[in-house]
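Colleague: Position one of the sequence shown corresponds to residue 15 (our numbering), numbered consecutively onward.
Treat the hints loosely; a few may be bogus.
To be verified - DMTMM-like, lysine to aspartate or glutamate: derived pairs with alpha carbons at most 25 Å apart:
#, residue 1, residue 2
1, Lys63, Glu48
2, Lys94, Asp72
3, Lys43, Asp72
4, Lys37, Asp69
5, Lys63, Glu97
6, Lys38, Glu48
To be verified - Label-pair distances were calculated between CB atoms; the ranges are:
#, residue 1, residue 2, range
7, Arg73, Met15, 11 to 21 Å
8, Asn16, Glu97, 20 to 30 Å
9, Ser40, Arg99, 27 to 37 Å
10, Lys17, Asn59, 15 to 25 Å
11, His65, Lys37, 33 to 43 Å
12, Ala55, Glu87, 14 to 24 Å
13, Ser31, Ser61, 14 to 24 Å
14, Lys63, Glu97, 16 to 26 Å
15, Glu44, Tyr66, 15 to 25 Å
16, Asn59, Val95, 29 to 39 Å
17, Lys63, Asn36, 19 to 29 Å
It should be emphasised that the hints constitute simulated quantities derived from the structure, not laboratory data.
We put the CB at the ideal spot given by N, CA and C, even for glycine.
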Amino acid sequence: MNKEEKRAWQALSNVVSNFLGNKKASNYKELVTELIDSYHAPDCNMSIKIHYLRDHLDRFPDNLGDMSEEQGERFHQDIKVMEQRYQGSWGTHMMADYVGA
15 MNKEEKRAWQ
25 ALSNVVSNFL
35 GNKKASNYKE
45 LVTELIDSYH
55 APDCNMSIKI
65 HYLRDHLDRF
75 PDNLGDMSEE
85 QGERFHQDIK
95 VMEQRYQGSW
105 GTHMMADYVG
115 A
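Can you build the whole structure from these sequences, using the hints too?
Modeller: Here it is as structure tokens:
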């Protein structure tokens with residue numbers, strides 16, 4: 015990965031760890047802004063979900079980590095399909111699919 019791709023990957027990782035989990039970080043708005051900004055640099059195509067995230071950030075509950083076992087199982091099945099599709103070549107296209115899934 016080049017420098018811009020690493021920045022985008024790190025931004026995605028920060029959002030997943032500090033916003034989409036059980037506890038929302040106090041700086042979650044900055045984390046999401048960095049994610050969106052970092053996706054613009056390498057010209058990543060952003061899914062409608064990223065735009066929704068940006069435009070409706072204040073509507074997300076404090077605890078996004080709560081999910082049923084059914085939701086958790088579906089997530090793992092989706093990730094397994096993506097891992098098979100990309101077979102170890104993780105890049106901007108994989109990140110876009112991950113966020114868009």
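Colleague: Work down the list of hints and note, for each, if the structure agrees.
Modeller: Now the hints, each set against the structure:
1. Lys63 <-> Glu48: The given pair, whose Cα atoms are some 16 Å apart, holds under the 25 Å limit.
2. Lys94 <-> Asp72: violated (31 Å)
3. Lys43 <-> Asp72: At roughly 9 Å apart (the allowed maximum being 25 Å), Asp72 and Lys43 satisfy the hint.
4. Lys37 <-> Asp69: Satisfied, since the Cα-Cα distance of roughly 20 Å is no more than 25 Å.
5. Lys63 <-> Glu97: Holds. Lys63 to Glu97 sits at ~21 Å (cutoff 25 Å).
6. Lys38 <-> Glu48: holds (16 Å)
7. Arg73 <-> Met15: 11 to 21 Å: violated (32 Å)
8. Asn16 <-> Glu97: 20 to 30 Å: holds (22 Å)
9. Ser40 <-> Arg99: 27 to 37 Å: holds (36 Å)
10. Lys17 <-> Asn59: 15 to 25 Å: At roughly 20 Å between Cβ atoms, Asn59 and Lys17 fall inside 15 to 25 Å, so the hint holds.
11. His65 <-> Lys37: 33 to 43 Å: For His65 and Lys37 the Cβ distance comes to about 25 Å; the hint is violated.
12. Ala55 <-> Glu87: 14 to 24 Å: violated (35 Å)
13. Ser31 <-> Ser61: 14 to 24 Å: Distance hint for Ser31, Ser61 holds at roughly 20 Å.
14. Lys63 <-> Glu97: 16 to 26 Å: holds (20 Å)
15. Glu44 <-> Tyr66: 15 to 25 Å: Holds - the Cβ-Cβ distance for Glu44 and Tyr66, about 18 Å, lies within 15 to 25 Å.
16. Asn59 <-> Val95: 29 to 39 Å: Since Asn59 and Val95 have Cβ atoms about 19 Å apart, the given range 29 to 39 Å is violated.
17. Lys63 <-> Asn36: 19 to 29 Å: This hint holds: roughly 20 Å between Cβ atoms.
Of the numbered hints stated above, those contradicted by the structure are hints 2, 7, 11, 12 and 16, listed in ascending order.
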